[in-house]
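Sequence order for the protein chains is A and B. Position 310, counted from 1, in the first sequence is what our numbering calls 310; the numbers after and before it change by one each time, with no gaps. Position 36, counted from 1, in the second sequence is what our numbering calls 36; the numbers after and before it change by one each time, with no gaps.
Mixed in with the good hints, there may be bad ones.
[What the hints assert, rightly or not] DSS-like mimics (lysine-lysine), calculated; alpha carbons at most 27 Å apart, straight line: (1) K58(A) / K187(B); (2) K267(B) / K235(A); (3) K201(A) / K58(B); (4) K321(A) / K167(B); (5) K267(A) / K267(B); (6) K58(A) / K201(B); (7) K267(A) / K58(B); (8) K144(A) / K167(B); (9) K58(A) / K167(B); (10) K144(A) / K187(B); (11) K187(B) / K267(A); (12) K58(A) / K58(B); (13) K169(B) / K201(B); (14) K144(B) / K267(A).
[Claimed, not checked] Here are some of the chain A residues that sit facing chain B, going by a computed Cβ distance under 10 Å: (15) M1; (16) R5; (17) D220; (18) G224; (19) F237; (20) E256; (21) W293; (22) V294; (23) A295; (24) K300; (25) H302.
[As the list claims (entries may be wrong)] Pair ranges (Cβ atoms, derived): (26) E256(B) / G297(A): 33 to 39 Å; (27) N55(A) / D196(B): 28 to 34 Å; (28) K144(A) / E23(B): 45 to 51 Å; (29) L66(B) / K201(A): 41 to 47 Å; (30) G318(A) / E323(B): 33 to 39 Å.
Note that these hints are calculated values from the structure, not bench results. Note that CB positions come from ideal geometry on N, CA and C, so glycine has one too.
The lines below spell out each chain.
Protein chains: 2
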Amino acid sequence: MTTSREIRLKSRPVGTPTAANFELVKVDLADPGPGQVQVRNTWMTVDPYMRGRMNDVKSYAPPFQLGEAMQGGAVGEVTASNDPAFKAGDLVQSFFGWREAFNAPAVAVQKLDTHGLPPQAFLGFAGMPGLTAYVGLLRIAELKEGDVVFVSGAAGAVGSVVCQIAKIKGHTVIGSAGGAAKTAFLKDIGVDHVIDYKAEKDLTAAVLRAAPDGIDVYFDNVGGAHLEAALMTAKPFGRFALCGMISQYNNTDLGEGVRGMVMAVGKSLTLRGFIVSNHTDMQAAYVKDLAGWVAAGKIKSHETVKQGIEAAPEAFLGLFKGENLGKMLVKLS
Amino acid sequence: MTTSREIRLKSRPVGTPTAANFELVKVDLADPGPGQVQVRNTWMTVDPYMRGRMNDVKSYAPPFQLGEAMQGGAVGEVTASNDPAFKAGDLVQSFFGWREAFNAPAVAVQKLDTHGLPPQAFLGFAGMPGLTAYVGLLRIAELKEGDVVFVSGAAGAVGSVVCQIAKIKGHTVIGSAGGAAKTAFLKDIGVDHVIDYKAEKDLTAAVLRAAPDGIDVYFDNVGGAHLEAALMTAKPFGRFALCGMISQYNNTDLGEGVRGMVMAVGKSLTLRGFIVSNHTDMQAAYVKDLAGWVAAGKIKSHETVKQGIEAAPEAFLGLFKGENLGKMLVKLS
Numbered sequence: 001m002t003t004s005r006e007i008r009l010k011s012r013p014v015g016t017p018t019a020a021n022f023e024l025v026k027v028d029l030a031d032p033g034p035g036q037v038q039v040r041n042t043w044m045t046v047d048p049y050m051r052g053r054m055n056d057v058k059s060y061a062p063p064f065q066l067g068e069a070m071q072g073g074a075v076g077e078v079t080a081s082n083d084p085a086f087k088a089g090d091l092v093q094s095f096f097g098w099r100e101a102f103n104a105p106a107v108a109v110q111k112l113d114t115h116g117l118p119p120q121a122f123l124g125f126a127g128m129p130g131l132t133a134y135v136g137l138l139r140i141a142e143l144k145e146g147d148v149v150f151v152s153g154a155a156g157a158v159g160s161v162v163c164q165i166a167k168i169k170g171h172t173v174i175g176s177a178g179g180a181a182k183t184a185f186l187k188d189i190g191v192d193h194v195i196d197y198k199a200e201k202d203l204t205a206a207v208l209r210a211a212p213d214g215i216d217v218y219f220d221n222v223g224g225a226h227l228e229a230a231l232m233t234a235k236p237f238g239r240f241a242l243c244g245m246i247s248q249y250n251n252t253d254l255g256e257g258v259r260g261m262v263m264a265v266g267k268s269l270t271l272r273g274f275i276v277s278n279h280t281d282m283q284a285a286y287v288k289d290l291a292g293w294v295a296a297g298k299i300k301s302h303e304t305v306k307q308g309i310e311a312a313p314e315a316f317l318g319l320f321k322g323e324n325l326g327k328m329l330v331k332l333s
Numbered sequence: 001m002t003t004s005r006e007i008r009l010k011s012r013p014v015g016t017p018t019a020a021n022f023e024l025v026k027v028d029l030a031d032p033g034p035g036q037v038q039v040r041n042t043w044m045t046v047d048p049y050m051r052g053r054m055n056d057v058k059s060y061a062p063p064f065q066l067g068e069a070m071q072g073g074a075v076g077e078v079t080a081s082n083d084p085a086f087k088a089g090d091l092v093q094s095f096f097g098w099r100e101a102f103n104a105p106a107v108a109v110q111k112l113d114t115h116g117l118p119p120q121a122f123l124g125f126a127g128m129p130g131l132t133a134y135v136g137l138l139r140i141a142e143l144k145e146g147d148v149v150f151v152s153g154a155a156g157a158v159g160s161v162v163c164q165i166a167k168i169k170g171h172t173v174i175g176s177a178g179g180a181a182k183t184a185f186l187k188d189i190g191v192d193h194v195i196d197y198k199a200e201k202d203l204t205a206a207v208l209r210a211a212p213d214g215i216d217v218y219f220d221n222v223g224g225a226h227l228e229a230a231l232m233t234a235k236p237f238g239r240f241a242l243c244g245m246i247s248q249y250n251n252t253d254l255g256e257g258v259r260g261m262v263m264a265v266g267k268s269l270t271l272r273g274f275i276v277s278n279h280t281d282m283q284a285a286y287v288k289d290l291a292g293w294v295a296a297g298k299i300k301s302h303e304t305v306k307q308g309i310e311a312a313p314e315a316f317l318g319l320f321k322g323e324n325l326g327k328m329l330v331k332l333s
């Protein structure tokens, strides 16, 4: 018998979520039952896609339930095991985030071999966000030699990996992010042309300054004005990977609309939305490529870390204010 | 020596073009020179894409030049030939539309074997608009068994062929057009669910009444509110062929914007613009399929015909007022 604290969904947000939508609850945790393991989480992730799960609508991931703990990726340590495959001290990954500790059937957690990386990297560039970048760039946008790549949300968890993979593959990369810290970070990871969108009145003009002949690939994490600028500046046969549109997630209606969609006809553009969970067949290839890039010092992670389960809502809300540089994480113990 | 009349671009339109942008000019036509043929056009086509060529901007087709005859598809008869491959009376196709007669190098015109179809069909369902429908549906939207297909501009030159091909292939087809004559025409060609968009306040609701589970394929000829409705009603992995956006061609700015683009992420949609001239490799397959469908009485053409070269501007302007049922054509002699 031990205790855990968890974050529950208290109410569904209308528009931008606030701290009042969450509730921190202390719960008793029984000893693990037969076939179960008990895990104490050391890290949890907050990701923009979780905003959609706070709504009571059918989507690719089911909605969070009111009064129940939220869910998401986590890394932790087995503290007790009733399954022969696990022993105390084992490092594991699970989707039982948003809580300090939990019991679960052994099959619901995965042993984590870090290959020498810090464990929390598997919630970031070595995990789902990294694979998202890889899938979006290579499969969805069909990156090919000579492509000029424009990335929005470039300093975020996914965007920063997109930029680095594109640089590793020898591309000219234009990255957009907001504010001095993020633009400095983008220069640091080798982005060729850095746009501080908060300092630009006309994003299209900013992209054209960086790429007078236009862009071939656009990796969208933001939507809205960034997507418009990409439509305006795309070369014929440009390919857009639509990964996320964080500018739109808190809309209570259909929002303002993306102008310039007619460009997609005249320029034969392909715009393709994707969800990484439909592309896990690329996981093995990514892990292999990533190992080589890490060993060669070609890719690095940057993290914004909040401390303690009580900070998880604040970490999540910070995503929509652009507070994260690289991956937003919560350190739980 | 003979005479011809031709329509020249007198001024570039700002926004919606008017009759004042065109000029009817009578010209003397010398006898054809060495290697030339002289052709008297019997039919010419007007198509929405020509609006883009009236602007002085680089696009997939070069701009029309001020003070020069406009260009476009035409069918005509050779009246004199200085090339052994042609003789008077031969039926030919060319891009020397918008004029009654012309001299051209023999290589610039193509002999037309009508296979028993009326010659003007090759400006419509047996020509570029028909191939556009075929390419968009089969290659761009990757039509597959069981797809529910939504078509905007469904009573137009391209849309009406899209509807018929989709029906031939056994699909459920939802067609949108404006007004009683067009909706009656759509019922006549076998469209399953006909939407009169002029009578609907909420296009999304109208599509969902026709397809409660959503649509798989959207063939866009219109853009704007139709594209929004398609985004809202698409099933996961829906595929959009962006063929044209006639609602947007006369915009003087970026227009109102398409809301709901964020749906493309969550539903893993693919939106793909295309220009038929990049897909002429499918011409042979289309001609073969079409011959079979025509022989079996499975596909028919509908035409809206204006008389005489002087009516060509009016025919063209009518496209943007939705005046055409099926293919808009001008009969020249």
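Hints, verified against the model:
no. : hint                          : verdict
1   : K58(A) / K187(B)              : violated (34 Å)
2   : K267(B) / K235(A)             : holds (26 Å)
3   : K201(A) / K58(B)              : holds (25 Å)
4   : K321(A) / K167(B)             : violated (49 Å)
5   : K267(A) / K267(B)             : holds (24 Å)
6   : K58(A) / K201(B)              : holds (25 Å)
7   : K267(A) / K58(B)              : holds (11 Å)
8   : K144(A) / K167(B)             : violated (37 Å)
9   : K58(A) / K167(B)              : violated (31 Å)
10  : K144(A) / K187(B)             : violated (45 Å)
11  : K187(B) / K267(A)             : violated (34 Å)
12  : K58(A) / K58(B)               : violated (43 Å)
13  : K169(B) / K201(B)             : violated (31 Å)
14  : K144(B) / K267(A)             : holds (25 Å)
15  : M1                            : violated (41 Å)
16  : R5                            : violated (31 Å)
17  : D220                          : holds (8 Å)
18  : G224                          : holds (9 Å)
19  : F237                          : holds (9 Å)
20  : E256                          : holds (6 Å)
21  : W293                          : violated (27 Å)
22  : V294                          : violated (29 Å)
23  : A295                          : violated (33 Å)
24  : K300                          : violated (27 Å)
25  : H302                          : violated (24 Å)
26  : E256(B) / G297(A): 33 to 39 Å : violated (48 Å)
27  : N55(A) / D196(B): 28 to 34 Å  : holds (33 Å)
28  : K144(A) / E23(B): 45 to 51 Å  : holds (46 Å)
29  : L66(B) / K201(A): 41 to 47 Å  : violated (34 Å)
30  : G318(A) / E323(B): 33 to 39 Å : violated (55 Å)
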